[in-house]
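Peer 1: One letter stands for each residue in the lines below.
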Amino acid sequence: MYYIKVDELAFHYEKEPVLTNISFELNPGDFIMLTGENGAAKSTLIRNILGLLKPTTGQVSLSPKNCFGEKLMVGYVPQQVASFNVGFPSTVLELVQSGRYQRGKWFRKLNKEDKEQVRRALESVGMWDMRYKKVGELSGGQKQRISIARVFATDPDLFVLDEPTTGMDTKSREEFYKLLKHHSESHGKGILMVTHDHDELRKYCNKHIELIRKEGLPWRCFSMDSCKELSKPHLSFH
Amino acid sequence: MFLYGFMQRAFQASFIISLIAPMLGLFLILRRQSLMADTLAHVSLAGVALGLLISINPTWTNILMVIVIAILLEYMRMLYRTYSEVSIAILMSGGMALALFLISLNQGGTTLSINQFLFGSIVTISMQQVWILYLLAGIIVCLYLIFRKAMYVMIFDEETAFTAGLPIKTMSILFNVLTGITIAIIMPIVGALLVSAILILPAAISMRLSKSFSSTILIGIPITLTGMLSGLVTSYEYGTPPGATITLILVTVLAIITIFKRLAKVFKTDKSLYKKQT
Chain A
1 MYYIKVDELA FHYEKEPVLT NISFELNPGD FIMLTGENGA AKSTLIRNIL
51 GLLKPTTGQV SLSPKNCFGE KLMVGYVPQQ VASFNVGFPS TVLELVQSGR
101 YQRGKWFRKL NKEDKEQVRR ALESVGMWDM RYKKVGELSG GQKQRISIAR
151 VFATDPDLFV LDEPTTGMDT KSREEFYKLL KHHSESHGKG ILMVTHDHDE
201 LRKYCNKHIE LIRKEGLPWR CFSMDSCKEL SKPHLSFH
Chain B
1 MFLYGFMQRA FQASFIISLI APMLGLFLIL RRQSLMADTL AHVSLAGVAL
51 GLLISINPTW TNILMVIVIA ILLEYMRMLY RTYSEVSIAI LMSGGMALAL
101 FLISLNQGGT TLSINQFLFG SIVTISMQQV WILYLLAGII VCLYLIFRKA
151 MYVMIFDEET AFTAGLPIKT MSILFNVLTG ITIAIIMPIV GALLVSAILI
201 LPAAISMRLS KSFSSTILIG IPITLTGMLS GLVTSYEYGT PPGATITLIL
251 VTVLAIITIF KRLAKVFKTD KSLYKKQT
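From first to last, the protein sequence lines stand for chains A and B. Once you know that position 110 of the first sequence is 110 in the UniProt record's numbering, the rest is easy, because the numbers rise by one and skip nothing. Once you know that position 14 of the second sequence is 14 in the UniProt record's numbering, the rest is easy, because the numbers rise by one and skip nothing.
Calculated from the structure, these hints are not laboratory results. Treat the hints loosely; a few may be bogus.
[Said to hold, decoys possible] Derived EDC-like pairs (lysine to aspartate or glutamate); straight-line CA-CA distance at most 16 Å:
#	chain 1	residue 1	chain 2	residue 2
1	B	211	A	37
2	B	261	A	137
3	B	265	A	137
Take the sequences, apply the hints, and build the full model.
Peer 2: Structure, rendered in structure tokens:
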């Protein structure tokens with residue numbers, strides 16, 4: 001069973017090809033890091049996978065169900081959130097709570113379990129004490145942390161993270177990677193993460209996709225070498 | 001003044017507008033569409049001119065026109081995603097040009113009506129308009145209560161909202177249409193030139209005062225009400241246009257709050273520096 005299946009994907013911005021020949025699968029419990037030089041269309045690939053862009057050729061499928069037969073929940077942390085720059089009038093708590101809405105809470109009140117999940121998510125990134133602060137008053141690193149807390153509050157089956165550790169210190173990054181590894185191994189979450197810290201992340205993830213410029217391709221067009229297996233996941237979820 | 005029927009209707013209209021303006025205004029600001037209200041008001045004027053030209057109740061041609069433009073705005077926002085203000089500029093000037101063109105085709109007899117729509121008039125508010133406002137407010141409050149969570153997620157970030165499974169395109173169009181209809185209905189009262197100010201200013205003021213999202217809307221209601229009521233009384237006493245008077249009062253409130261907040265910040269910094277030194 002897969003959560004993400006990419007088959008011979010190619011993507012062109014107008015007529016200019018930027019991605020070609022991309023194929024891989026992400027299964028429950030997989031923690032894949034996606035790397036590549038600056039401008040290697042990593043975010044473009046992510047946006048194709050999430051349906052925000054349409055592949056020019058090839059196919060992307062997201063599984064409609066998770067491994068327990070329920071609706072697949074996707075948690076996405078984009079590289080930049082525009083609202084953060086304009087002093088979004090919201091408290092940290094309100095924002096992180098909004099991560100729970102997609103779990104069938106669009107029209108219902110959050111219950112005890114939801115609130116507990118929000119508390120755990122905020123504690124896991126060390127932001128519980130700042131829950132009543134206005135989002136616009138936070139530093140860049142703190143904003144990044146609450147984006148992560150929000151996705152943890154959602155408790156999705158599939159995490160899609162686009163350079164989520166920008167502005168975080170080494171210790172916080174390590175803790176975050178450990179937490180993700182725990183989620184993939186113990187709870188069967190699928191994780192696809194764009195990063196530049198491949199040396200640091202290597203010991204936590206089990207697969208590596210690198211977007212590279214191959215010979216014979218147009219100058220801005222990237223492809224992938226292979227989906228390298230770094231380790232076998234030690235799955236312990238049921 | 002309170003014994004006059006037209007003033008009673010104007011006060012009722014003010015109460016209703018105070019309820020809906022902060023809700024729509026906050027979403028407009030956060031979607032970076034503050035000028036959309038202005039665009040729709042300009043286009044509204046074209047709707048009014050069309051109604052007067054073909055001798056149909058201008059309110060209906062107005063509503064029809066803003067619905068079409070609200071949908072077109074969303075399409076153009078997607079087309080000029082990076083420079084979304086381009087769509088606003090094009091439609092605003094296009095709407096104004098169409099209004100002037102239609103007015104010139106219908107010379108004789110329409111100047112007074114057009115002036116009323118341009119600058120607003122409290123004297124002409126009919127009971128029918130007040131009932132329409134009640135209905136509109138009922139719909140907006142219900143929609144807000146039902147969809148506030150989805151709207152919050154959408155205005156925070158449209159891409160994460162999409163991945164969370166929200167139909168963002170449909171929601172955007174419906175929001176634009178609702179804003180357009182609201183503008184078309186309140187325009188004869190406050191005037192096309194300043195209708196956007198009545199929507200945007202209260203939310204802009206309450207954003208400076210509140211920390212949380214829900215309190216921003218709650219604080220916005222008394223702010224709008226204060227501005228609307230004091231504006232109406234001033235307008236009655238001095239014979240000034242109601243839209244302009246209300247806007248000037250709200251701008252003054254915004255200026256006072258900004259100055260006070262600035263002073264409070266300076267005072268706080270000085271106090272903490274003094275504490276450190278001692």
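Peer 1: With reference to the structure, classify each hint as holding or not holding.
Peer 2: Against the structure, the hints come out as follows:
{"no.": "1", "hint": "211/B <-> 37/A", "result": "40 Å, violated"}
{"no.": "2", "hint": "261/B <-> 137/A", "result": "15 Å, holds"}
{"no.": "3", "hint": "265/B <-> 137/A", "result": "14 Å, holds"}
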